[in-house]
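Enquirer: The number in the numbering used here is simply the position in the sequence shown, starting from 1, with 32 added.
Since the hints were made in silico from the structure, they are not lab data. Do not take every clue at face value.
[As the list claims (entries may be wrong)] Derived DSBU-like pairs (lysine-lysine); straight-line CA-CA distance at most 30 angstroms: (1) Lys161 - Lys265; (2) Lys159 - Lys253; (3) Lys69 - Lys82; (4) Lys351 - Lys265; (5) Lys161 - Lys259; (6) Lys161 - Lys82; (7) Lys159 - Lys228; (8) Lys253 - Lys82; (9) Lys159 - Lys259; (10) Lys228 - Lys259; (11) Lys82 - Lys228; (12) Lys159 - Lys82; (13) Lys253 - Lys265; (14) Lys161 - Lys253; (15) Lys159 - Lys265.
[Said to hold, decoys possible] Computed spacing ranges between beta-carbons, pair by pair: (16) Tyr249 - Ile184: 32 to 40 angstroms; (17) Phe232 - Ser122: 34 to 42 angstroms; (18) Ile244 - Arg118: 50 to 58 angstroms; (19) Arg164 - Pro269: 23 to 31 angstroms; (20) Arg164 - Arg128: 42 to 50 angstroms; (21) Phe219 - Val322: 30 to 38 angstroms; (22) Ala187 - Tyr166: 22 to 30 angstroms; (23) Ala214 - Lys352: 23 to 31 angstroms; (24) Lys352 - Lys253: 35 to 43 angstroms.
Just so you know, even glycine gets a beta-carbon here, dropped at the ideal spot from N, CA and C.
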Amino acid sequence: MSDKVSLAAKAPSDTQGNTRRRKSWLGREMRHFRNNKELFLLSLPGILYKLIFAYIPMVGVIIAFKNYRYDLGIFGSKWVGFDNFRYLFSTDTAWRITRNTVLYNVAYILVTLVAALLLAVLLNEVKAKWSRFYQTALFLPHFLSWVLVGYIAYAFLNHADGFINRTLMAMGFDPVSWYQNAGAWPFILVIVHLWKVIGFNTLIYFAGIMGINSEYYEAAKIDGATKSQMALKITIPLLSPLIVILLILSIGSMFRGDFGLHYFIPNNSGFLYGSTDIIDTYVYRALREVGNVGMSAATGLYQSIVGLILVLSANAIVKKINPDHSLW
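Please construct the entire structure, taking both the sequences and the accompanying hints into account.
Expert: Right, here's the structure in full:
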């Protein structure tokens with residue numbers, strides 16, 4: 033009986049303690065907001081953008097589980113469960129487009145990583161007056177649309193009067209029908225992708241190099257280290273946290289291909305579907321030809337879930353190896 037009385041007497045004090053802790057936490061957060069209100073206001077446009085274009089549209093995820101009809105709308109269409117997912121994976125091309133998507137992304141990630149690191153190290157050795165010029169030249173393709181890049185690629189690859197074929201004929205070789213030669217396109221797409229994105233990735237690594245303390249390099253010079261030794265022993269190890277973070281984020285997009293690259297550069301040639309088709313381009317054509325909105329939504333949801341799992345898995349592996357390099 034005495035224990036029950038003591039517990040009853042103790043309960044209000046516990047409740048009061050929880051209330052005080054909540055008020056204390058709320059007070060700290062309000063003070064933090066008042067002290068940094070300018071920063072919160074600056075971040076407001078980005079938050080609104082994400083809210084309007086990323087989070088609110090997530091209501092449409094339910095289309096993946098419905099036989100969507102335009103006249104009935106999202107909420108009026110009939111539920112079909114996982115039929116849209118079964119339709120996607122039961123097609124004859126499911127394995128091919130999944131394989132292409134993953135292998136292309138692996139190639140893009142590895143080639144871009146090596147090339148961007150190499151160029152960033154080289155830019156660090158260029159004199160200041162030329163560094164800006166090279167940065168601008170590398171970064172310029174990043175702002176070009178894939179439609180425009182597709183026309184540039186066509187000017188090089190056109191069978192009749194493309195630059196490459198004219199060069200081959202001038203050297204005595206026969207012209208190549210590039211838009212019918214599926215075997216060459218994995219290399220073409222990797223080169224075009226590298227040309228367009230190399231500047232952005234290089235500047236990220238170059239900014240990381242700029243943040244490295246110059247005393248490390250001065251000490252290495254005194255010890256007689258060469259440029260390559262300093263790059264391998266100082267630059268790359270100190271850039272490893274940045275490299276790992278970018279790799280983790282890239283792994284999350286492993287099942288999401290670059291639609292513009294794979295649609296506009298091959299000029300949507302049917303001869304090249306076997307080697308250039310990815311999940312995104314296949315679903316786009318299916319949506320145009322069949323109008324299956326539910327399958328398109330199911331594909332997007334599938335890509336997002338797999339991407340989330342890959343990011344979480346990659347981060348967990350990195351955290352186990354080196355917690356300082358993980359995202360969280």
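Enquirer: Compare the structure with the hints numbered earlier in the document and write down the numbers of the violated ones, lowest to highest.
Expert: Numbers 6, 8, 12, 23, in rising order.
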